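Novice: Using the sequences and the accompanying hints, generate a full structural model.
Protein chains: 2
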Amino acid sequence: MMIKKPRILVTNDDGILSPGIKVLVDIVQKIGDVVVVAPDKPQSGQGHAITLEYPLRLKKVNLFKGIESYECSGTPVDCVKLAKNIILKNLDIDLCVSGINHGSNASINIIYSGTMSAAMEASLEGINSIGFSYLDYSFKADFTNCIPYIEAIIYQVLQKCILPSKLINVNIPVGEITGIKVCRQAKGVWVEEFKEAIDPRGQPYYWMTGKFDYHDRASDNDLKALENGYISIVPSHHDLTHYPSIESLDYLEKIEL
Amino acid sequence: MMIKKPRILVTNDDGILSPGIKVLVDIVQKIGDVVVVAPDKPQSGQGHAITLEYPLRLKKVNLFKGIESYECSGTPVDCVKLAKNIILKNLDIDLCVSGINHGSNASINIIYSGTMSAAMEASLEGINSIGFSYLDYSFKADFTNCIPYIEAIIYQVLQKCILPSKLINVNIPVGEITGIKVCRQAKGVWVEEFKEAIDPRGQPYYWMTGKFDYHDRASDNDLKALENGYISIVPSHHDLTHYPSIESLDYLEKIEL
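Chains A and B are the protein sequences, given in the same order.
Per the numbering used here, the very first residue in the first sequence carries number 2; after that it's consecutive.
Per the numbering used here, the very first residue in the second sequence carries number 2; after that it's consecutive.
Zero decoy hints are in this set.
Keeping only pairs whose Cα atoms sit at most 25 Å apart, straight-line, the calculated SDA-like set for lysine to any residue is:
#: 1; chain 1: A; residue 1: Lys31; chain 2: A; residue 2: Val62
#: 2; chain 1: A; residue 1: Lys42; chain 2: A; residue 2: Phe195
#: 3; chain 1: B; residue 1: Lys188; chain 2: B; residue 2: Asp240
#: 4; chain 1: B; residue 1: Lys5; chain 2: B; residue 2: Lys66
#: 5; chain 1: B; residue 1: Lys141; chain 2: B; residue 2: Gly104
#: 6; chain 1: A; residue 1: Lys60; chain 2: B; residue 2: Gly203
#: 7; chain 1: B; residue 1: Lys188; chain 2: A; residue 2: Tyr244
#: 8; chain 1: A; residue 1: Lys188; chain 2: B; residue 2: Pro165
#: 9; chain 1: A; residue 1: Lys212; chain 2: B; residue 2: Tyr55
#: 10; chain 1: B; residue 1: Lys90; chain 2: B; residue 2: Gly16
#: 11; chain 1: B; residue 1: Lys42; chain 2: A; residue 2: Ile199
#: 12; chain 1: B; residue 1: Lys188; chain 2: B; residue 2: Ser249
#: 13; chain 1: A; residue 1: Lys225; chain 2: A; residue 2: Gly189
#: 14; chain 1: B; residue 1: Lys141; chain 2: B; residue 2: Phe65
#: 15; chain 1: A; residue 1: Lys212; chain 2: B; residue 2: Asn86
#: 16; chain 1: A; residue 1: Lys60; chain 2: A; residue 2: Leu89
#: 17; chain 1: B; residue 1: Lys90; chain 2: A; residue 2: Asp214
#: 18; chain 1: B; residue 1: Lys61; chain 2: B; residue 2: Glu72
#: 19; chain 1: A; residue 1: Lys61; chain 2: B; residue 2: Lys196
#: 20; chain 1: A; residue 1: Lys5; chain 2: A; residue 2: Ala153
#: 21; chain 1: A; residue 1: Lys212; chain 2: B; residue 2: Thr52
#: 22; chain 1: A; residue 1: Lys42; chain 2: B; residue 2: Pro43
#: 23; chain 1: B; residue 1: Lys188; chain 2: A; residue 2: Asn91
#: 24; chain 1: A; residue 1: Lys90; chain 2: B; residue 2: Pro205
#: 25; chain 1: A; residue 1: Lys188; chain 2: A; residue 2: Gly104
#: 26; chain 1: A; residue 1: Lys90; chain 2: B; residue 2: Tyr215
#: 27; chain 1: A; residue 1: Lys212; chain 2: B; residue 2: Arg58
#: 28; chain 1: B; residue 1: Lys60; chain 2: A; residue 2: Val192
#: 29; chain 1: A; residue 1: Lys161; chain 2: B; residue 2: Ile256
#: 30; chain 1: B; residue 1: Lys255; chain 2: A; residue 2: Gly180
#: 31; chain 1: A; residue 1: Lys255; chain 2: B; residue 2: Pro165
#: 32; chain 1: A; residue 1: Lys141; chain 2: A; residue 2: Asn229
#: 33; chain 1: B; residue 1: Lys161; chain 2: B; residue 2: Thr179
#: 34; chain 1: A; residue 1: Lys188; chain 2: A; residue 2: Tyr215
Note that these hints are calculated values from the structure, not bench results.
These numbers come from a predicted model, not from an experiment.
Specialist: Dropping the structure here:
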């Protein structure tokens, strides 16, 4: 009996040269037929940006032994669109995995994250999609502890095929892993600080930095799970409607001119 | 009796020179104390992108008579962050309005839209925020029909102050306006087509284009409201958790190594 191997698309936002994507490719190449399409440079914080005003470049590269791989000049979402339309020519994709991101995409970071936006783009196309992030920002991060869990999550998702919203946001804590919690996105906010300075030509500039502020002390959210050493898994989706508000906005329907 | 005028932040994604933002500034300057911070160039499709790898520039401009205005080198979300932190130095902002976008941000377009992402960024900060979009892509669009409705919506939101999710996505149809519907985001998907060509230096490139495919025939969504001549208002938010899925992902919590 021949069983068809699943077709798996790999992408990220840290760029095709980042250590995190290498770890992810090593995991999935044992599981399925893999195609890699990832940005040719770091694209952190690109959110769901797409490239409309410029042409996109796609270059075949030989970075992962035996794996069809391309670097793309665009955003993570562009990578998914090009993978689907140009490289795979609308062949079925069984799974899209994005990451492993260097740094957290828990809480509201999902909104800014190119890693998660790439996975969301695939999920919009009906493809089961997983974004993986490891809470160590360093490019020298040691992913050893993550690997068996990532492998197990991918196996389970492919086998059970239960992802009603087609998308999960997986964040992995540093250190010993207690287990896995399926939970909701924590409330939080970035408190920006802009470094103000003068450039060599005498012009002022502002450089964004900031601290994440976490004010959601309930026990059922992803940040709390991570604090307690759990891998957090948040089922996510692209319907941004705030359903509980619909009725309370009646007053806007009553506007008459 | 002196009543404090509301402080209103105006931004967009089509750039500070676009006709749509001029119309919006003209409307809100009758209502409140206005500050404009908008991109110095078109930023359509920038989604929730932020600029981390480069410095940002901010330049005071004199485009709107008597209104404090700045053009910014970054994305629409960068504009909101700079407005809040640098220009208004964390003063209270009573309302953020974004647009008027040239073209629809209904259905899933909210995800790709810089206009809506800017409004969402303000809502993340607890500011009542409204994104306005007009379903005419032309820079020669005639906004006359929109103006009284936009004015009335802004007045109502400022007066009633009922926006539980802090964010609404307002889309305005072309032609005669039947009324206003508060509704949910329609399901839909972009079907991309990439124009493949060879550049003058002999290298291949891909240029993204596409058609929007709308397969949500229910009557309670924004695209249907717009088809029927209504202004659609979708209360929106940044919690991407798909709550109904949490229980069905039990199988992932059971993973043991």
